[in-house]
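Visitor: Spelled out, the chains give:
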Amino acid sequence: MTMKVELNDVSWRTKKTTVIEDVTMTLEPGMTYGLLGRNGAGKTSLLALIASYMQPTSGTIRIDGENPFENERLAPHVCFLFNADYSEEDGPASEYLEAAARYRPNFDQAYAEELAALFELPLDVPVQKLSSGLQASLEAVIGLAVRAPVTLLDEVYAGMDAPNRTRLYDAVVEDQARHPRIIVLSTHLVSEMEYLLDHVCLLHEGRLLADEPAASFTARGVTVTGEAAAVDAFVLDREILHTKELGGTKQVLVTGPLAEEERQAAAEAGLTLGSVSMQDLFIHLTTKEGASHA
Amino acid sequence: MKPAFDEKKPIFLQIKEQLEDQIVDGRIQEHEQIPSTTQMVQFYQVNHLTIAKGMNQLADEGIIYKKRGVGMFVAEGAREVLRQRRRDQFSEMYIQPMMQEAEKLGLSSGELRRMIDEWKGGGTS
Numbered sequence: 011m012t013m014k015v016e017l018n019d020v021s022w023r024t025k026k027t028t029v030i031e032d033v034t035m036t037l038e039p040g041m042t043y044g045l046l047g048r049n050g051a052g053k054t055s056l057l058a059l060i061a062s063y064m065q066p067t068s069g070t071i072r073i074d075g076e077n078p079f080e081n082e083r084l085a086p087h088v089c090f091l092f093n094a095d096y097s098e099e100d101g102p103a104s105e106y107l108e109a110a111a112r113y114r115p116n117f118d119q120a121y122a123e124e125l126a127a128l129f130e131l132p133l134d135v136p137v138q139k140l141s142s143g144l145q146a147s148l149e150a151v152i153g154l155a156v157r158a159p160v161t162l163l164d165e166v167y168a169g170m171d172a173p174n175r176t177r178l179y180d181a182v183v184e185d186q187a188r189h190p191r192i193i194v195l196s197t198h199l200v201s202e203m204e205y206l207l208d209h210v211c212l213l214h215e216g217r218l219l220a221d222e223p224a225a226s227f228t229a230r231g232v233t234v235t236g237e238a239a240a241v242d243a244f245v246l247d248r249e250i251l252h253t254k255e256l257g258g259t260k261q262v263l264v265t266g267p268l269a270e271e272e273r274q275a276a277a278e279a280g281l282t283l284g285s286v287s288m289q290d291l292f293i294h295l296t297t298k299e300g301a302s303h304a
Numbered sequence: 017m018k019p020a021f022d023e024k025k026p027i028f029l030q031i032k033e034q035l036e037d038q039i040v041d042g043r044i045q046e047h048e049q050i051p052s053t054t055q056m057v058q059f060y061q062v063n064h065l066t067i068a069k070g071m072n073q074l075a076d077e078g079i080i081y082k083k084r085g086v087g088m089f090v091a092e093g094a095r096e097v098l099r100q101r102r103r104d105q106f107s108e109m110y111i112q113p114m115m116q117e118a119e120k121l122g123l124s125s126g127e128l129r130r131m132i133d134e135w136k137g138g139g140t141s
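Protein chains in written order, with our numbering: chain A, 11 to 304; chain B, 17 to 141.
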């Protein structure tokens, strides 16, 4: 089963602030989305809106063509996982898998047990007694094994240790290839997750700053390196995201992509052009220097 | 651990060339299955769309072929096609830059020939 998610001019306001502002985007089946944003950018709120934990103040959300809010047909197909508080939960992890088996039509018990073994997650220990990293692993196990057409993982990996994060990334790649669905991974661990992401949604102060394929997102940034005066001349009319200098050498990050003749002009001026990692671009697009285009 | 890529070349081309290398030197034989996209994503830590771009080019060139639901395999005659292609490109890729550098340094072709012979003699072949 596949489902499409459509957000149209979605805003969510509290009495004091606008948390999500005019977000319009479409999530397509089979794609892995990176929802990027700094702390407080609104990532969790946006996912909670898609998961119908709350309703937009204005705008519409449609999943498979229907309003998902209090929608019994859609609810089992939308899976939203985040670092929950398990301090009061004295049941073992196996109970969570049983609940998933009852409620989630695509849940694969054997796969869940395979993942639990992979993450070295004991299924018979009260969840409150597990380390926070293993509690996060439980979220990841459920998130993958329910195989929900709309799977939203909100930073669950942030609490996992590095070996388990690596295992999770491998599992995401494998299972998304076997059972394509919409997977949204919200993260600020951009560098280690970059290769998982087909499409980037960059949220900044509640607004969607970018919504495009990962490859075209990273092509937005180009570094120009060389003798300071030559670099300055070359970047004169371009939007500068970041500048650093070492002696007489200057490196400027500008918004790309560059046309072929511009690349040639750079080469003739003795300048070196370089690509930018998603992480660097994310940092410079969401910090004051980048956001204000100073 | 992330395999290193050359900044100056698109990554999909570099992955494609690495697979070609394996076919040329016989590490992957004709009719043998190549690694799956998932395996390559995990190995290179590169997005599957990038891998697919390189593999689709190889398929278009007839170097590999798809078996539906099974995977990708090295085509018959692929090794010879790749070897011939590389021979055709040898002059452009290796001789031309060498001659340009030799010219800059004022090395005569006689001197160059002597250097090649010396290298062969001293090389660990």
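Accuracy of the hints is not assured; some may be wrong.
Unchecked claim - 25 Å max Cα-Cα, derived DSS-like pairs, lysine-lysine: (1) B/K69 with A/K254; (2) A/K260 with B/K69; (3) B/K24 with A/K260; (4) B/K69 with B/K82; (5) B/K82 with B/K32; (6) B/K69 with B/K25; (7) B/K83 with B/K32; (8) B/K69 with B/K120; (9) B/K69 with B/K83.
These aren't lab readings, by the way, just hints derived from the structure by calculation. Quick caveat, the model's predicted, so the values are computed rather than measured.
Visitor: Against this structure, judge whether each hint is valid.
Guide: Hints versus structure:
no. : hint              : result
1   : B/K69 with A/K254 : violated, 34 Å
2   : A/K260 with B/K69 : violated, 34 Å
3   : B/K24 with A/K260 : holds, 19 Å
4   : B/K69 with B/K82  : holds, 14 Å
5   : B/K82 with B/K32  : holds, 16 Å
6   : B/K69 with B/K25  : holds, 14 Å
7   : B/K83 with B/K32  : holds, 19 Å
8   : B/K69 with B/K120 : violated, 39 Å
9   : B/K69 with B/K83  : holds, 17 Å
Checked against the numbered hints listed earlier, the structure breaks hints 1, 2 and 8; every other hint is satisfied.
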